[in-house]
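Novice: Protein chains in written order, with full-length UniProt numbering: chain A, 1 to 405; chain B, 1 to 405.
Be a bit skeptical, because a hint or two may be false.
For chains that are exact copies, the list does not tell them apart, and a pair is met inside one copy or across any two.
27 Å max Cα-Cα, derived DSS-like pairs, lysine-lysine [unchecked claim]:
| id | residue 1 | residue 2 |
| --- | --- | --- |
| 1 | Lys280 | Lys81 |
| 2 | Lys355 | Lys81 |
| 3 | Lys81 | Lys400 |
| 4 | Lys250 | Lys222 |
| 5 | Lys250 | Lys400 |
| 6 | Lys5 | Lys250 |
| 7 | Lys222 | Lys286 |
| 8 | Lys222 | Lys196 |
| 9 | Lys280 | Lys355 |
| 10 | Lys5 | Lys355 |
| 11 | Lys286 | Lys81 |
| 12 | Lys400 | Lys5 |
| 13 | Lys250 | Lys286 |
| 14 | Lys222 | Lys280 |
| 15 | Lys196 | Lys5 |
| 16 | Lys250 | Lys280 |
| 17 | Lys400 | Lys222 |
| 18 | Lys5 | Lys81 |
Calculated directly from the structure, the hints in this document are not laboratory data.
Number of protein chains: 2
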Amino acid sequence: MSLAKILVAQGGGPTAVINQSLVGVVLEARRQAGVSKVYGARHGVRGIVNEDFVDLTQETSHNLELVAGTPASALGSTRDKPDAAYCREIFTVLQAHGITHFFYIGGNDSSDTVRIVSEEAAAASYPLRCIHIPKTIDNDLVGNDHTPGYASAARFVAQAFAGANLDNAALPGVYVGVVMGRHAGFLTAAAALGKKFDDDGPHLIYLPERDFHLDEFLRDVKATHERYGRCVIAVSEGIHDASGAPMLAKLAGDLERDAHGNVQLSGTGALADLLCEEVKARLGIKRVRGDTFGYLQRSFLGCVSDVDQREAREVGEKAVQYAFHGSRDGSVAIQRVGYYSVDYALLPLADVAGKTRTMEDHFINEAGTDVTDAFRLYLRPLLGSGMPDAFRLRPNPVEKVLGRG
Amino acid sequence: MSLAKILVAQGGGPTAVINQSLVGVVLEARRQAGVSKVYGARHGVRGIVNEDFVDLTQETSHNLELVAGTPASALGSTRDKPDAAYCREIFTVLQAHGITHFFYIGGNDSSDTVRIVSEEAAAASYPLRCIHIPKTIDNDLVGNDHTPGYASAARFVAQAFAGANLDNAALPGVYVGVVMGRHAGFLTAAAALGKKFDDDGPHLIYLPERDFHLDEFLRDVKATHERYGRCVIAVSEGIHDASGAPMLAKLAGDLERDAHGNVQLSGTGALADLLCEEVKARLGIKRVRGDTFGYLQRSFLGCVSDVDQREAREVGEKAVQYAFHGSRDGSVAIQRVGYYSVDYALLPLADVAGKTRTMEDHFINEAGTDVTDAFRLYLRPLLGSGMPDAFRLRPNPVEKVLGRG
Numbered sequence: 001m002s003l004a005k006i007l008v009a010q011g012g013g014p015t016a017v018i019n020q021s022l023v024g025v026v027l028e029a030r031r032q033a034g035v036s037k038v039y040g041a042r043h044g045v046r047g048i049v050n051e052d053f054v055d056l057t058q059e060t061s062h063n064l065e066l067v068a069g070t071p072a073s074a075l076g077s078t079r080d081k082p083d084a085a086y087c088r089e090i091f092t093v094l095q096a097h098g099i100t101h102f103f104y105i106g107g108n109d110s111s112d113t114v115r116i117v118s119e120e121a122a123a124a125s126y127p128l129r130c131i132h133i134p135k136t137i138d139n140d141l142v143g144n145d146h147t148p149g150y151a152s153a154a155r156f157v158a159q160a161f162a163g164a165n166l167d168n169a170a171l172p173g174v175y176v177g178v179v180m181g182r183h184a185g186f187l188t189a190a191a192a193l194g195k196k197f198d199d200d201g202p203h204l205i206y207l208p209e210r211d212f213h214l215d216e217f218l219r220d221v222k223a224t225h226e227r228y229g230r231c232v233i234a235v236s237e238g239i240h241d242a243s244g245a246p247m248l249a250k251l252a253g254d255l256e257r258d259a260h261g262n263v264q265l266s267g268t269g270a271l272a273d274l275l276c277e278e279v280k281a282r283l284g285i286k287r288v289r290g291d292t293f294g295y296l297q298r299s300f301l302g303c304v305s306d307v308d309q310r311e312a313r314e315v316g317e318k319a320v321q322y323a324f325h326g327s328r329d330g331s332v333a334i335q336r337v338g339y340y341s342v343d344y345a346l347l348p349l350a351d352v353a354g355k356t357r358t359m360e361d362h363f364i365n366e367a368g369t370d371v372t373d374a375f376r377l378y379l380r381p382l383l384g385s386g387m388p389d390a391f392r393l394r395p396n397p398v399e400k401v402l403g404r405g
Numbered sequence: 001m002s003l004a005k006i007l008v009a010q011g012g013g014p015t016a017v018i019n020q021s022l023v024g025v026v027l028e029a030r031r032q033a034g035v036s037k038v039y040g041a042r043h044g045v046r047g048i049v050n051e052d053f054v055d056l057t058q059e060t061s062h063n064l065e066l067v068a069g070t071p072a073s074a075l076g077s078t079r080d081k082p083d084a085a086y087c088r089e090i091f092t093v094l095q096a097h098g099i100t101h102f103f104y105i106g107g108n109d110s111s112d113t114v115r116i117v118s119e120e121a122a123a124a125s126y127p128l129r130c131i132h133i134p135k136t137i138d139n140d141l142v143g144n145d146h147t148p149g150y151a152s153a154a155r156f157v158a159q160a161f162a163g164a165n166l167d168n169a170a171l172p173g174v175y176v177g178v179v180m181g182r183h184a185g186f187l188t189a190a191a192a193l194g195k196k197f198d199d200d201g202p203h204l205i206y207l208p209e210r211d212f213h214l215d216e217f218l219r220d221v222k223a224t225h226e227r228y229g230r231c232v233i234a235v236s237e238g239i240h241d242a243s244g245a246p247m248l249a250k251l252a253g254d255l256e257r258d259a260h261g262n263v264q265l266s267g268t269g270a271l272a273d274l275l276c277e278e279v280k281a282r283l284g285i286k287r288v289r290g291d292t293f294g295y296l297q298r299s300f301l302g303c304v305s306d307v308d309q310r311e312a313r314e315v316g317e318k319a320v321q322y323a324f325h326g327s328r329d330g331s332v333a334i335q336r337v338g339y340y341s342v343d344y345a346l347l348p349l350a351d352v353a354g355k356t357r358t359m360e361d362h363f364i365n366e367a368g369t370d371v372t373d374a375f376r377l378y379l380r381p382l383l384g385s386g387m388p389d390a391f392r393l394r395p396n397p398v399e400k401v402l403g404r405g
């Protein structure tokens with residue numbers, strides 16, 4: 001029996017639990033018979049073509065467990081999206097090092113990379129087992145009930161809106177919080193889980209699954225402000241008009257585009273500022289504040305769902321088990337069982353790669369400005385244990401003596 | 001013995017622990033002999049002139065404890081800064097309701113309100129005991145080692161930068177995080193406590209205690225980026241040039257000003273975006289991202305220092321004890337004892353009111369771009385127990401086979 005050599009890498013945006021998956025792969029791979037080496041590539045596929053490997057066979061289990069509990073990609077990540085020539089470079093390096101099993105932890109772009117690598121390996125008759133391990137805070141991988149990383153980011157968004165709502169109740173006005181998610185509104189929708197009492201915010205939620213109309217937005221904000229004396233709004237960075245043009249693109253003409261041709265939506269506060277200006281100017285409301293949650297929602301140290309941690313660990317373990325005890329390449333997927341547990345499946349790479357899931361219609365209310373109870377029921381168990389709660393004083397009004405104002 | 005009637009209110013920006021102080025006042029006041037009523041004013045001094053009171057004598061201890069653990073001002077807050085006429089309105093209401101003790105929880109503006117109310121009450125021979133209870137995430141009250149609310153916000157900032165540093169290490173580039181603090185850099189400086197390893201960010205910290213020079217900033221960012229391949233920067237919203245003009249004011253001419261004549265610095269992502277544009281345009285660095293921490297740093301539900309909670313509770317209790325067992329009005333102050341405990345003092349209102357503490361020189365390094373170990377030692381115990389920690393893989397490089405790139 002020839003010895004197996006494992007290569008694992010992390011791609012795309014970091015999450016709070018992606019290192020759980022990494023450590024799941026490493027520890028499970030080290031338990032397999034006949035595995036001589038477990039390598040990690042630094043900064044994803046870029047580390048492969050650069051032969052930038054670290055030997056994870058020489059890392060202690062103790063430190064691996066500590067790294068598993070640390071957010072962001074411990075091996076480093078990349079936004080590179082390999083083309084055919086890039087993939088040939090990958091093969092050259094994999095062959096030179098005798099790699100037999102390749103695990104890539106990432107989102108839909110990364111799954112597409114695994115698909116290309118898998119297909120090219122087959123075409124070149126190079127014996128390589130390729131497994132994609134799901135990871136994305138956007139929750140936009142098809143075939144998955146949800147994706148590792150989403151739950152912890154969702155928990156951050158829910159806790160952020162729960163706090164922002166209390167702040168806004170103390171100093172009333174309009175508050176706009178802009179949340180990550182280019183095409184899928186799952187993370188923005190998590191804001192709804194920060195709401196406890198009927199009059200709590202977020203009062204309005206705007207998702208990329210629905211067209212955004214500035215006039216309707218202003219009408220809704222005005223009505224909410226008149227009703228409650230304040231208004232808390234969750235907005236996806238990916239909101240767009242009926243033509244599909246991002247609202248942010250209407251603000252600035254000269255936007256940065258990444259290697260995938262996508263406009264840069266994160267890392268700028270422009271969308272929140274634009275919406276606040278519109279509310280101030282057209283509704284005449286004085287106190288209007290906007291926050292862009294930015295990188296905190298995926299990187300904040302110390303906000304994590306224990307359910308997310310467990311599942312992220314398991315998809316890494318399952319990937320190794322599929323690789324060593326199964327017979328084909330694929331993408332590990334999470335499926336929901338009961339309320340609440342999960343099971344795993346290995347989907348064909350072509351079923352997942354490069355596709356984008358968006359929020360299902362039954363998760364969005366008819367007006368398109370809130371989620372449904374079906375969504376609340378879907379998300380609640382993912383947030384994990386120990387969610388902080390908010391309490392308020394009960395009304396015990398004192399009778400006025402002077403009878404003024 | 002005539003019965004005492006208590007009035008407590010909350011002013012200024014909410015914090016994670018201001019309700020601990022409120023509940024400290026209420027529970028301690030309800031224990032005093034001869035107290036008939038404990039009222040809370042809704043939305044600070046505005047609630048007083050509007051006679052908008054709630055009867056906290058009719059709230060359960062159980063619910064008060066739950067409210068104490070909830071961030072943001074449970075009574076509501078206000079940005080009103082009363083003048084003499086406003087204070088006369090306050091007296092009219094206090095007299096009508098027979099209030100004997102007034103407790104106001106807030107920052108330096110609120111302490112000045114208490115001072116005016118105290119002086120006017122004395123001038124009018126109206127028997128009123130007035131106690132100011134400290135609260136501000138800015139940590140800018142004179143006479144205090146630190147202020148309740150600061151430690152929890154500092155913990156948020158430290159955890160945020162610890163996570164942002166990991167994210168930036170995974171996907172290298174320049175990251176700018178803008179932190180609250182108009183005149184005092186204490187909260188921005190807390191970013192330094194997110195750093196663990198020598199090459200971790202934040203690599204540069206810019207405080208309002210030092211003049212900001214764009215050319216020096218760009219020079220420092222360039223040098224850091226060349227050294228580490230990345231750069232994480234903490235910037236106070238209050239940075240200003242040598243003339244004292246806010247850097248943000250250089251960006252936009254038409255800025256909102258509040259009732260105190262201050263320019264609105266929070267609730268907009270403009271400063272981070274401006275600095276990112278400068279780095280991109282003048283240093284030619286491609287991946288440059290900016291976050292403005294905004295309201296999350298003071299309101300996020302679930303990020304709190306247990307030390308901060310305890311002290312915020314105690315300043316409320318102490319305020320009542322000073323009021324009932326002391327002989328003068330004043331402002332409760334926190335003083336550090338040993339490493340680490342605290343004691344309390346009642347300072348004359350005029351010593352605290354309307355004054356602003358800024359970071360002491362020995363807390364800032366010579367270059368003005370980092371804190372000193374003295375500051376780290378100062379802040380560390382305030383962050384409380386259970387601070388999350390970050391771990392990394394140890395370097396075990398694999399020898400290159402192809403010997404390229």
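Novice: If a hint holds in the structure, say so; if it doesn't, say that too.
Specialist: Status of the hints after comparison with the structure:
1. Lys280 with Lys81: Classified as between: cross-chain Cα gap 23 Å, same-chain 41 Å, threshold 27 Å.
2. Lys355 with Lys81: within (15 Å within a copy, 55 Å between copies)
3. Lys81 with Lys400: between (68 Å within a copy, 23 Å between copies)
4. Lys250 with Lys222: within (22 Å within a copy, 32 Å between copies)
5. Lys250 with Lys400: Answer is neither; intra-copy 51 Å and inter-copy 48 Å both fail.
6. Lys5 with Lys250: Result: close neither inside a copy nor across copies, 50 Å intra and 57 Å inter.
7. Lys222 with Lys286: Result: close within a single copy only, 13 Å intra versus 40 Å inter.
8. Lys222 with Lys196: within (22 Å within a copy, 47 Å between copies)
9. Lys280 with Lys355: neither (39 Å within a copy, 32 Å between copies)
10. Lys5 with Lys355: neither (30 Å within a copy, 66 Å between copies)
11. Lys286 with Lys81: So lysine 286 and lysine 81 pass the 27 Å test across copies only (17 Å; inside, 45 Å).
12. Lys400 with Lys5: between (79 Å within a copy, 15 Å between copies)
13. Lys250 with Lys286: both (24 Å within a copy, 23 Å between copies)
14. Lys222 with Lys280: Cα proximity of lysine 222 and lysine 280: one copy only (11 Å, versus 38 Å across).
15. Lys196 with Lys5: neither (51 Å within a copy, 33 Å between copies)
16. Lys250 with Lys280: Both: 18 Å inside a copy, 22 Å across copies.
17. Lys400 with Lys222: Classified as neither; 30 Å inside a copy, 63 Å across copies.
18. Lys5 with Lys81: Classified as within; 24 Å inside a copy, 69 Å across copies.
Hint check: violations occur at hints 5, 6, 9, 10, 15, 17; the rest are consistent with the structure.
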